[in-house]
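Take a look at the letters that make up each chain.
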Amino acid sequence: MSRGAEVELTGVTRRFGTRTAVEDVSLTVHPGEVLGLLGPNGAGKTTTMRMLVGFLRPDSGQIRVGAVDAAVDPVGVRRQIGYLPEVSSAYPEMTVLDFLGYCARLRRLPRPTRDVAIGRAMADAGLAGQGRVRIGTLSRGYRQRVGLAQALVHDPDVLVLDEPTAGLDPRQRVEVRDLVARLGRTRTVLLSSHLLSEVTDLCRRVAVLDNGRLVALEEVAVLAARAGSRLELRVSGSAPRAAQAVAGVAGVESVEVRGQVVVVTGDARLAGADLAAAVVSAGVGLEEMRAEGGSLEAAYLRLVKP
Amino acid sequence: MRRSRRRLFLAAALAGTALIIGNVAAYAHNPQLDLSAESSFSLSAQTTTLLTRVDHPLAIIAFLTAGGPEAADASYLLARYQELNHYIHWSVVDPDANPGEARRYGISAYSTVVLSYQGRRVTSPDVQEGDISTAILRLLRGRTETVCVLTGNGEPSLSDSGPNGLSDLSVLLSQNAFAPRTIDLTLGVAAVPPACAAVLELGPQQSLPATEVAALESYLRGGGRLMVLTSSLSGTDPNPLLSPWGIGFVGGLVLDPARSEGVDWSDVVVQDLPSLNPVDQGVSSLQFPAPSGLLVNTAQGSVSVLASTSPQSYIDPNPQSGSVAFGPGDVPGPVVVAAAADVSRVVTSTAGPGITSTHVERTRLVVVGCDTWMTNGFLDNLGNRRFFANAVAWLTDQDSLVVATSQPPGNRPLPLTPALQFELLGITVFAVPGALISLALLRAAVVRRQEKEPVPGRTRPSPNRRRRRRRRR
Amino acid sequence: MARRDIRSIWLSAYGVGCGAGFLALAGVLLVLDLRSDQARLDGWFSPLFVVVALLAALFSVRSFAEEERTGSLEILTTMPLGRGQLVAGKILGTSGALMIALAITVVCPLMVALVGNPDPGPILTGYVGLVLAGVAFASVGVAVSAATGSFLVAASGSSAILLALWFGGVLARGLSGRLQTVLAYLSPYSHVTGFLRGTLAVADVVYFLSLAVVGVLATRLVLEARR
Amino acid sequence: MSRPGRLRLVMAAGLAALASSCGSGSTPALPPPPVLVAGRPAQFDAVCVSAGDRQARLSPALVNGVAPLVAAKEFRPPEPLAEYGLAPARARLTYRPAGGAPTSLLVGGPTFDDHFIYVMHPGGQALYTVAAGQLDPVLALVGVVVPAPK
Numbered sequence: 001m002s003r004g005a006e007v008e009l010t011g012v013t014r015r016f017g018t019r020t021a022v023e024d025v026s027l028t029v030h031p032g033e034v035l036g037l038l039g040p041n042g043a044g045k046t047t048t049m050r051m052l053v054g055f056l057r058p059d060s061g062q063i064r065v066g067a068v069d070a071a072v073d074p075v076g077v078r079r080q081i082g083y084l085p086e087v088s089s090a091y092p093e094m095t096v097l098d099f100l101g102y103c104a105r106l107r108r109l110p111r112p113t114r115d116v117a118i119g120r121a122m123a124d125a126g127l128a129g130q131g132r133v134r135i136g137t138l139s140r141g142y143r144q145r146v147g148l149a150q151a152l153v154h155d156p157d158v159l160v161l162d163e164p165t166a167g168l169d170p171r172q173r174v175e176v177r178d179l180v181a182r183l184g185r186t187r188t189v190l191l192s193s194h195l196l197s198e199v200t201d202l203c204r205r206v207a208v209l210d211n212g213r214l215v216a217l218e219e220v221a222v223l224a225a226r227a228g229s230r231l232e233l234r235v236s237g238s239a240p241r242a243a244q245a246v247a248g249v250a251g252v253e254s255v256e257v258r259g260q261v262v263v264v265t266g267d268a269r270l271a272g273a274d275l276a277a278a279v280v281s282a283g284v285g286l287e288e289m290r291a292e293g294g295s296l297e298a299a300y301l302r303l304v305k306p
Numbered sequence: 001m002r003r004s005r006r007r008l009f010l011a012a013a014l015a016g017t018a019l020i021i022g023n024v025a026a027y028a029h030n031p032q033l034d035l036s037a038e039s040s041f042s043l044s045a046q047t048t049t050l051l052t053r054v055d056h057p058l059a060i061i062a063f064l065t066a067g068g069p070e071a072a073d074a075s076y077l078l079a080r081y082q083e084l085n086h087y088i089h090w091s092v093v094d095p096d097a098n099p100g101e102a103r104r105y106g107i108s109a110y111s112t113v114v115l116s117y118q119g120r121r122v123t124s125p126d127v128q129e130g131d132i133s134t135a136i137l138r139l140l141r142g143r144t145e146t147v148c149v150l151t152g153n154g155e156p157s158l159s160d161s162g163p164n165g166l167s168d169l170s171v172l173l174s175q176n177a178f179a180p181r182t183i184d185l186t187l188g189v190a191a192v193p194p195a196c197a198a199v200l201e202l203g204p205q206q207s208l209p210a211t212e213v214a215a216l217e218s219y220l221r222g223g224g225r226l227m228v229l230t231s232s233l234s235g236t237d238p239n240p241l242l243s244p245w246g247i248g249f250v251g252g253l254v255l256d257p258a259r260s261e262g263v264d265w266s267d268v269v270v271q272d273l274p275s276l277n278p279v280d281q282g283v284s285s286l287q288f289p290a291p292s293g294l295l296v297n298t299a300q301g302s303v304s305v306l307a308s309t310s311p312q313s314y315i316d317p318n319p320q321s322g323s324v325a326f327g328p329g330d331v332p333g334p335v336v337v338a339a340a341a342d343v344s345r346v347v348t349s350t351a352g353p354g355i356t357s358t359h360v361e362r363t364r365l366v367v368v369g370c371d372t373w374m375t376n377g378f379l380d381n382l383g384n385r386r387f388f389a390n391a392v393a394w395l396t397d398q399d400s401l402v403v404a405t406s407q408p409p410g411n412r413p414l415p416l417t418p419a420l421q422f423e424l425l426g427i428t429v430f431a432v433p434g435a436l437i438s439l440a441l442l443r444a445a446v447v448r449r450q451e452k453e454p455v456p457g458r459t460r461p462s463p464n465r466r467r468r469r470r471r472r473r
Numbered sequence: 001m002a003r004r005d006i007r008s009i010w011l012s013a014y015g016v017g018c019g020a021g022f023l024a025l026a027g028v029l030l031v032l033d034l035r036s037d038q039a040r041l042d043g044w045f046s047p048l049f050v051v052v053a054l055l056a057a058l059f060s061v062r063s064f065a066e067e068e069r070t071g072s073l074e075i076l077t078t079m080p081l082g083r084g085q086l087v088a089g090k091i092l093g094t095s096g097a098l099m100i101a102l103a104i105t106v107v108c109p110l111m112v113a114l115v116g117n118p119d120p121g122p123i124l125t126g127y128v129g130l131v132l133a134g135v136a137f138a139s140v141g142v143a144v145s146a147a148t149g150s151f152l153v154a155a156s157g158s159s160a161i162l163l164a165l166w167f168g169g170v171l172a173r174g175l176s177g178r179l180q181t182v183l184a185y186l187s188p189y190s191h192v193t194g195f196l197r198g199t200l201a202v203a204d205v206v207y208f209l210s211l212a213v214v215g216v217l218a219t220r221l222v223l224e225a226r227r
Numbered sequence: 001m002s003r004p005g006r007l008r009l010v011m012a013a014g015l016a017a018l019a020s021s022c023g024s025g026s027t028p029a030l031p032p033p034p035v036l037v038a039g040r041p042a043q044f045d046a047v048c049v050s051a052g053d054r055q056a057r058l059s060p061a062l063v064n065g066v067a068p069l070v071a072a073k074e075f076r077p078p079e080p081l082a083e084y085g086l087a088p089a090r091a092r093l094t095y096r097p098a099g100g101a102p103t104s105l106l107v108g109g110p111t112f113d114d115h116f117i118y119v120m121h122p123g124g125q126a127l128y129t130v131a132a133g134q135l136d137p138v139l140a141l142v143g144v145v146v147p148a149p150k
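Protein chains in written order, with the working numbering: chain A, 1 to 306; chain B, 1 to 473; chain C, 1 to 227; chain D, 1 to 150.
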């Protein structure tokens, strides 16, 4: 089994006309790691991945996979990568076996090991027994599996998976998630998703992209911890008075009044009890308090401005 | 990253330049390989060399039935000329549709090609490389040679447009950059004018006077060029003139039961033209009415046989006797009916004290034992016109290009009967594409059957889709 | 890769339809040609060049435009292949599919040879010309196909370009001077005559090879610009 | 399936263009000779020839020679009609079918090699050539002499 290769992007920028899709992104994916690439639609996740796999060319910056510089040896980079595109579509008129055989030939797998490799990739992708089926007649989930098998057929050091669970039903989603987790133990995996839960389950580290910029690159736990807290206090009586009262509490960074709800954000020192005490002592009734602190979601929402 | 892109553009620019250079080079020198059966469409090295000398506009008009295969072939051949030299412009004109144009150019037969260059005009008798290149060669030489036609002994007239006249021959000469001029050596001081590039004795009806014979003899000895067409029917004896040059006139009437026009054995079709002499070039047969035999002294290397009759032919020395069948006294064939002599010698003359000059004197002689084949009534029969034009050109040193001339594509008849047409259409339009489609359908059916075995994960075709499939079938 | 493309073309309803149409057309042209009552095939080859240009346009659509539309191009370009290999594979695929169509048309001269006595030289050179032109047309078609993701734009675009090139040569006949020379040279129309007549001229071969190279270069530049 | 359908349209357009122009250097088959006057001799009541004020009716033997009348060639005249001896025409040939409108043909001069004679329909656009041997005896009836082929 391969040990994976380090993937490094340094100051990568890509523009489409006047629009900058990815700007000055630098990140490193370590061998044996599943790095999650998070961001809303249009944040530059797919563009970043396409540059990594050589489908797009960065306007500036450097991409390195293992010891290979993509600008010097693009083919060498592509050889190490297995890529599952966002819209995974193979040739509908080919059977699964034909298609994987075709990919294996393009990947220059030696003939004797080809069948073994295809069998393994199909097993890994959960396609056992589907070899003779034409891809065009497969369901979307199975087509996604074909795409995955295609990315695995040459047993790559690096896997780049663009929204691998998109369009799958919940059961398939769990299967793919398990597969990626298994693969991630021995390979370098870069995985993009807009589903937070998927990323928290699979990844130790995440990179968050917003508007083409890298806004965070942290371990999930650190990011969540750093995210601090966000509390919503539903009050009866004067909301502005309550807001005034909580502003002085230790650890509070911002206070916002939305009707009868006071939204308080603060750092790790912020405690619900302190806030409640402050509100009540100001003579305002506290009806409900909801905390959202410590989650990746909170961090994500904070990083990604609406 | 930008660097590699720039490198690609640079490579593309370089490759583009190389392509342009390569194409220009290929356009300039365009060697080609001709795989057609008759090598009909390659221009020879001689033509290629010749065309490098064309440096003014040269117009070629081929008079042909427009739209036919000949016109297509002619267009292709002439386009090859234009490719080699862009001064050359050509067109194909249908003389039936353009009678005015045909009249202006004096066209009397299909496939005539008119070439004009620097105000001079030459016609080529056919749209073939040898003829066209020869015509260009004549145009490039740039002179009009005076050809002197003897009169005074009952010869047919150049201005006579009747069947026995020579008006067509006169046109032929002037169309090929020759100026015909009649001279009469029976009167006054008998001497061939120095302007004459050649002298033609075209069928005298009476014996030449001694003074004329003497004048011609001295002309020949001084490097003269003479054509003598004569027949035993005219009662002349050209032997005094001819024998010094290795050609003798036998006389009599040549009869050829094997090759003759119609039932008249004396209307001989000559098909043996063995000589490499340019006079025979491009001529495959001749029609000689009532020819007489010649004797050729082949020991003299300078003499060659231009035309002889078939082995079944014979000379009847006394045709008035009545019987035309081979009889006692008849000379068996094949009989030589046309011959040429080409004698050259080095002449050293003293031009002054201590100054000697050396030059080559060359006598050329063409003798034909028939005096009617070149008249208006016969000139356009078989290869007569070509033979005469070749002879005059050879006498005046206007040698034709000796090239491996291209030939027109052969006739490969394939009558397209309705039955054959039906068959061809059936196979090509229905059977072959039909087989292809059936194969495809068969394969689709096999694939579909294989897929019939239920496999998890495959979607069932939606009702909508199923309906569409059925419609496709 | 080329083999997959060839299979994909000839195993699709689209490819079989185009191929069958092409063959049927070749048959009609053959009968029209034989109306001259001569066992000559130059009148068959000549229009066949135009038909091959159309078929090349229709086949080459599958190379990039179709792959881009379905998204499989993304997988293909991330395979460990040089761009040159990718382009070469695509052009080989399209031309290979064309060659199969051409190979089936051999039926036509064979039938003529059965009933008549055609000159084999021009038939040989005719096919050499068709193969050369097929590769050249295919590479131009692939270049157009690479420039667009639309099936229809690719097909009509490349047939428009090829037909414009062809009829440029027809128009050039009415002109004169340098413009005529250049225009005529650039058109495949002026370069097929030799093949019809049984002659292989270096200029004609160089021309079609150059056109193929131009197609390869254009495809590479287009792919590069679109990356 | 609509995409290939639309493509067929593209293909059809290309073929139309192809049909409108012929390939280079091909050997175009000559079109079949045009029939100037259809119908067997028995179908005509009379065939007459006229030139100036002279007029003659063709004998049955002569009618056999000119009915039906098939041209050797058909073309649009690139030169003025006078060049073809048709302005004015040398003679006029009139076919009167049994029960029907008569058909007329204008007869002009000989072609460059005298083997054919130009003929056209009155007011027509196209010119035709007809073998001289077919028309010579007819023209002789009204004193029009066409030179014998050389």
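Possibly wrong hints are sitting among the right ones.
[Stated by the list, open to error] With beta-carbon atoms standing in for the labels, derived distance ranges:
hint, chain 1, residue 1, chain 2, residue 2, range
1, C, Leu-11, B, Glu-423, 25 to 33 Å
2, C, Arg-227, A, Ala-276, 38 to 46 Å
3, B, Leu-425, C, Ala-164, 29 to 37 Å
4, A, Asp-115, C, Val-170, 29 to 37 Å
Just so you know, the hints here were simulated from the structure itself, not pulled from any lab data.
Glycine included, every Cβ here is placed at the ideal spot set by N, Cα and C.
Of all the hints given earlier, name the ones this structure violates by number, lowest first.
Numbers 2, 4 - these are the hints that the structure violates, sorted from lowest upward.
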